[in-house]
Amino acid sequence: MKKFLGEYGMVLVLFALFVLFSLLTLNRESATGTAAASRLSKEMLATMSSKAEVFVVGAVRKPSEDFARLVAADLGKNEKVNVTQVIGMPRELRQAWDTAEAEGNTPSALVVSGDVLKWTILSALQGESPDLEIIYPTERMVSDFLKRGNLLAIVDRIVVIAVIAIGMTLVILTGGIDLSVGSLVALSAVIATLAIKVMGGLEAGGGAVWAGFLIATLACGAIGAIAGFLVARFEVAPFITTLAVMLIARGAAFMMTGGFSIYQVPDSITWLGRGATFGIPNTVLVLVVFYVAGHIFMRHTRWGRYIYAVGGNEEASRMSGVPVKRILIFVYLVCGLCAGFGGCIQASQLATGAPNLGVMFELSVIAAVVVGGSSLSGGSGRVMGTLIGAFIISVIQNGMNLLGFDSYLQQVVLGAVILFAVLLDKARQKRTSSVKH
Amino acid sequence: MSESEVKPLLEMHGIHKRFPGVHALNDVKLSLYAGEVLALLGENGAGKSTLIKMLGGAHQPDEGEIWIEGERVVINSATAAQEFGVAVIYQEFNLIPELTVSENLFLGREKTRFGLIDSPGERQEAVRWLECIGLDIDPDSKCGDLTVAQQQVVEIVKALAVDARILVMDEPSAVLTDQEVERLFQVVRDLKERGIGIIYISHRLDEIDLIADRLLVLRDGQYIGGGAVSETDRDTLIEMMVGRSLEKDFPPRDVTVGEEVLRVEGLNRGKAVREVSFSVKAGEIVGFSGLIGAGRTETMRLIAGADRGESGEVWVNGELISKRSPRDAITAGICLLSEDRKEEGLVLSHSSVDNFGLPNLGRYSRKGWLDNRSEQNEFDRYRDDLAIKVAGPDQLAGELSGGNQQKVVLAKWLARRAHVMLFDEPTRGIDVGAKYEIYQLMNRLAGEGKAIVMVSSELPEILGMSDRIIVMKEGRLVGEVENGPGITQEDILALAMEEPASV
Numbered sequence: 001m002k003k004f005l006g007e008y009g010m011v012l013v014l015f016a017l018f019v020l021f022s023l024l025t026l027n028r029e030s031a032t033g034t035a036a037a038s039r040l041s042k043e044m045l046a047t048m049s050s051k052a053e054v055f056v057v058g059a060v061r062k063p064s065e066d067f068a069r070l071v072a073a074d075l076g077k078n079e080k081v082n083v084t085q086v087i088g089m090p091r092e093l094r095q096a097w098d099t100a101e102a103e104g105n106t107p108s109a110l111v112v113s114g115d116v117l118k119w120t121i122l123s124a125l126q127g128e129s130p131d132l133e134i135i136y137p138t139e140r141m142v143s144d145f146l147k148r149g150n151l152l153a154i155v156d157r158i159v160v161i162a163v164i165a166i167g168m169t170l171v172i173l174t175g176g177i178d179l180s181v182g183s184l185v186a187l188s189a190v191i192a193t194l195a196i197k198v199m200g201g202l203e204a205g206g207g208a209v210w211a212g213f214l215i216a217t218l219a220c221g222a223i224g225a226i227a228g229f230l231v232a233r234f235e236v237a238p239f240i241t242t243l244a245v246m247l248i249a250r251g252a253a254f255m256m257t258g259g260f261s262i263y264q265v266p267d268s269i270t271w272l273g274r275g276a277t278f279g280i281p282n283t284v285l286v287l288v289v290f291y292v293a294g295h296i297f298m299r300h301t302r303w304g305r306y307i308y309a310v311g312g313n314e315e316a317s318r319m320s321g322v323p324v325k326r327i328l329i330f331v332y333l334v335c336g337l338c339a340g341f342g343g344c345i346q347a348s349q350l351a352t353g354a355p356n357l358g359v360m361f362e363l364s365v366i367a368a369v370v371v372g373g374s375s376l377s378g379g380s381g382r383v384m385g386t387l388i389g390a391f392i393i394s395v396i397q398n399g400m401n402l403l404g405f406d407s408y409l410q411q412v413v414l415g416a417v418i419l420f421a422v423l424l425d426k427a428r429q430k431r432t433s434s435v436k437h
Numbered sequence: 001m002s003e004s005e006v007k008p009l010l011e012m013h014g015i016h017k018r019f020p021g022v023h024a025l026n027d028v029k030l031s032l033y034a035g036e037v038l039a040l041l042g043e044n045g046a047g048k049s050t051l052i053k054m055l056g057g058a059h060q061p062d063e064g065e066i067w068i069e070g071e072r073v074v075i076n077s078a079t080a081a082q083e084f085g086v087a088v089i090y091q092e093f094n095l096i097p098e099l100t101v102s103e104n105l106f107l108g109r110e111k112t113r114f115g116l117i118d119s120p121g122e123r124q125e126a127v128r129w130l131e132c133i134g135l136d137i138d139p140d141s142k143c144g145d146l147t148v149a150q151q152q153v154v155e156i157v158k159a160l161a162v163d164a165r166i167l168v169m170d171e172p173s174a175v176l177t178d179q180e181v182e183r184l185f186q187v188v189r190d191l192k193e194r195g196i197g198i199i200y201i202s203h204r205l206d207e208i209d210l211i212a213d214r215l216l217v218l219r220d221g222q223y224i225g226g227g228a229v230s231e232t233d234r235d236t237l238i239e240m241m242v243g244r245s246l247e248k249d250f251p252p253r254d255v256t257v258g259e260e261v262l263r264v265e266g267l268n269r270g271k272a273v274r275e276v277s278f279s280v281k282a283g284e285i286v287g288f289s290g291l292i293g294a295g296r297t298e299t300m301r302l303i304a305g306a307d308r309g310e311s312g313e314v315w316v317n318g319e320l321i322s323k324r325s326p327r328d329a330i331t332a333g334i335c336l337l338s339e340d341r342k343e344e345g346l347v348l349s350h351s352s353v354d355n356f357g358l359p360n361l362g363r364y365s366r367k368g369w370l371d372n373r374s375e376q377n378e379f380d381r382y383r384d385d386l387a388i389k390v391a392g393p394d395q396l397a398g399e400l401s402g403g404n405q406q407k408v409v410l411a412k413w414l415a416r417r418a419h420v421m422l423f424d425e426p427t428r429g430i431d432v433g434a435k436y437e438i439y440q441l442m443n444r445l446a447g448e449g450k451a452i453v454m455v456s457s458e459l460p461e462i463l464g465m466s467d468r469i470i471v472m473k474e475g476r477l478v479g480e481v482e483n484g485p486g487i488t489q490e491d492i493l494a495l496a497m498e499e500p501a502s503v
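Which chain is which? The protein sequence lines are A and B, in order.
Counted from 1, the first sequence has number 220 at position 220 by this note's numbering; the numbering is strictly sequential.
Counted from 1, the second sequence has number 321 at position 321 by this note's numbering; the numbering is strictly sequential.
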């Protein structure tokens, strides 16, 4: 049982958070689906007196818009009722109302749903015309947290952190740390967008976008490799090496752009961060592909095993013929590549490259790795654990946003979560070290 | 001494301790009287460490009672141990290398005057303590600059300074030279005079005769027996420890020496290794003898590529190893079983199988992809062959006993099928039974035509195992003898201590 908790404790924590936030964000909401629409129109036709004047109201670009169109289409097939479809904001409803009133066709009923139900104009209109009937579909309990849109927002928000966290996991497994990833996100986004700008700017094709991403990612990989070389060859502390790289990369990003954002990029740049393939958002696909690859690499390849060994005991690994220096350079290279690709995703999501992106990302990334169960002293941890850690952090942030926690309190809670994770790690270590000499 | 009316200083009985998968101590009892030395004996993994960690407050018994001077006590922390007058000197010293001797002596109970540390006062008292134990060192020297023997005495002084009545010493002689051991014994005899009770752990049975009054033997976590040292003969003692009698200390072997396998020419590294040249033939075991610090370990590390020297060549089977890193040496067929297996031999936080596979992944992977099954199968084969006791595939190397750890290191190098095997103190900290198994294995490897070099500080081991003996002193080779019945410990010692031949 103890062992189970040690291995899967964090999965349980994530699950508990899902349940907690699902319950806490439960809200009454009217149904907006197709079935609800046809049911509602049938009921209305059965009770409606002939020649009724009906407004069907939907908020623009909300679920209630689709609902309004469905109901209007259903009702419009019938001669009995005179349907007016109103799609827009409260202002549009008022205009339509005034026009109808002027023509002597004051509506006897309004069909509304979803957000429209909350419009204050409804009660105002009822005040003007006491006979006005407000018709809406039956209400049900819906969790804001579990809505598809919200779950995708969680992924969108965490994808950059989570991708970088794979590289960071490798670095931390060797007992190192990489503080430069936040700055590399900015540098990568800037290099990518600058390259795209040079290759055609707003009119650039898809090939140019991908070329820009590739150049930026490779550049960050090269910077990571240099940091790794300094760590491996000259035994400079990773903390200091990557702190220096962090400053250099951030400064370079500002110098390259003169401090401005680069937005001369085609719309196609957003495919990676906002697009979808076969109906699955690309960010979700990126996470799946990267994490599966990372997991397989660490569990089933020689170099994966070597990374664990170097972190567990560098000297014993060296004496066993493990190419320790190459391994160290490799993990920083991978971390740089991940940070570079993360920067590309960020640039894609924002359709902009700015030198102030990714500030403090390194801390979120490290937090994700640690919450995911990797030990900062190296040698133990899992790539999949890091994914769980990233989600725990993102879910907590998202849930607190939905519940209206202010951002200062959010920081306090996140800090407490990280402490909790570290304490859990210590408790687990105690179990394994109690029989050591 | 242990007359019935005299109350024991320390009494433990009915002690049980369980760890995941191990019953480390099973109904163990122990009694210690004032002014005596009790030798605590047993193989590695017998439970000695667990028992003394209870006295130091690092472990608590699951069942059982501890009585000190007629009072039942619970030792649940190192502070509590100190309050009850128990001091434990572990193999890893608790000294802070950056602090001076007197600062270390008063660590945690600093003398103060007006709220500030009274350094002169501390120094004076430190001098008094050092004098009374007969240690001539400057209390202002940093502990990190002292020799291991001096550090050990500082630990003892530290224990005395807090009025310890019970002193536990875990293999104090393991890292000392013979002269240093003699000095240590003088200190121990002096402590006896003062009425301090001493629990002394050692693998060197010769020492027990010299220093201990009574002995107590543990095996597999159980109390096996005890009694006065003068009434227990060596054979009975070994039988108690290993559960069977050993025919001989060293297994016999047929020697067939073949072609030259390893040739070393002109190795130099600072003052540690100077102009070292020698060669080893297939099937030969060459023993490296010498005092601690003579440069034997450093020589082995140079051959294995662990350190880089200024000059020198290493040839294996007539081929020069051009680049030298551990990786290159391993590829060329040289394996080093290092002296310090916890630091250099094993990744303690990983499983035995992972450790076993580390230098052999080339064989257990295809194009970089691991073949876990063949790795596990091979490990199982070596585990059965070497009788390694592993609780399960997930058991960490750090959880194994010393002997089993050494066997895991051996297995990983055996699987490399190297031509040259360098054993640096292969039996240090290893119990009598496992020692014999390792000797047998070395003989078997020699029989298979490997070239074997063994560094050892134990002369009987050197004489018992080697075909040829090379003696080092101050980084140089100072003597070489063919081993034979006529060679005695004195001959080797004489070589090790004489002035180096001028070069």
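Simulated from the structure, these hints should not be mistaken for lab results.
Heads up, some of the hints might be wrong.
What the hints assert, rightly or not - Listed below are several chain A residues computed to face chain B (Cβ distance under 10 Å; list not exhaustive):
#: 1; residue: ARG274
#: 2; residue: PHE278
#: 3; residue: SER320
Unchecked claim - Anything over 10 Å on all C-beta distances counts as not near chain B; from chain A, calculated:
#: 4; residue: VAL19
#: 5; residue: ASN105
#: 6; residue: SER261
#: 7; residue: MET319
Where a beta carbon is used, it is the ideal one built from N, C-alpha and C, also for glycine.
Exercise for the section: Please confirm whether VAL19 of chain A is truly not at the interface, meaning its C-beta sits more than 10 Å away from all C-beta atoms of chain B. Expected result: VAL19 of chain A is indeed farther than 10 Å from all Cβ atoms of chain B, at 31 Å.
Handout entry: When the least beta-carbon distance from PHE278 of chain A to chain B is tested against 10 Å, hint result
Key = This interface hint is violated because 30 Å lies over the 10 Å limit.
Handout entry: Outside-interface status for ASN105 of chain A - nearest CB in chain B farther than 10 Å
Key = holds (76 Å)
Handout entry: Given hint ARG274 of chain A near chain B, where the shortest CB pair must fall under 10 Å
Key = violated (36 Å)
Practice task
With 10 Å as the threshold, tell me whether SER261 of chain A passes as away from chain B on beta-carbon distances.
Solution key: Non-interface label on SER261 of chain A holds, nearest chain B Cβ at 42 Å vs cutoff 10 Å.
Exercise for the section: Double-check SER320 of chain A for me: the hint is only fine if its C-beta lies closer than 10 Å to a C-beta in chain B. Expected result: Cβ of SER320 of chain A sits 4 Å from chain B, so the hint holds.
Exercise for the section: Test the statement that MET319 of chain A is away from the interface with chain B: the closest C-beta pair must be farther apart than 10 Å. Expected result: violated (5 Å)
Checked against the numbered hints listed earlier, the structure breaks hints 1, 2 and 7; every other hint is satisfied.
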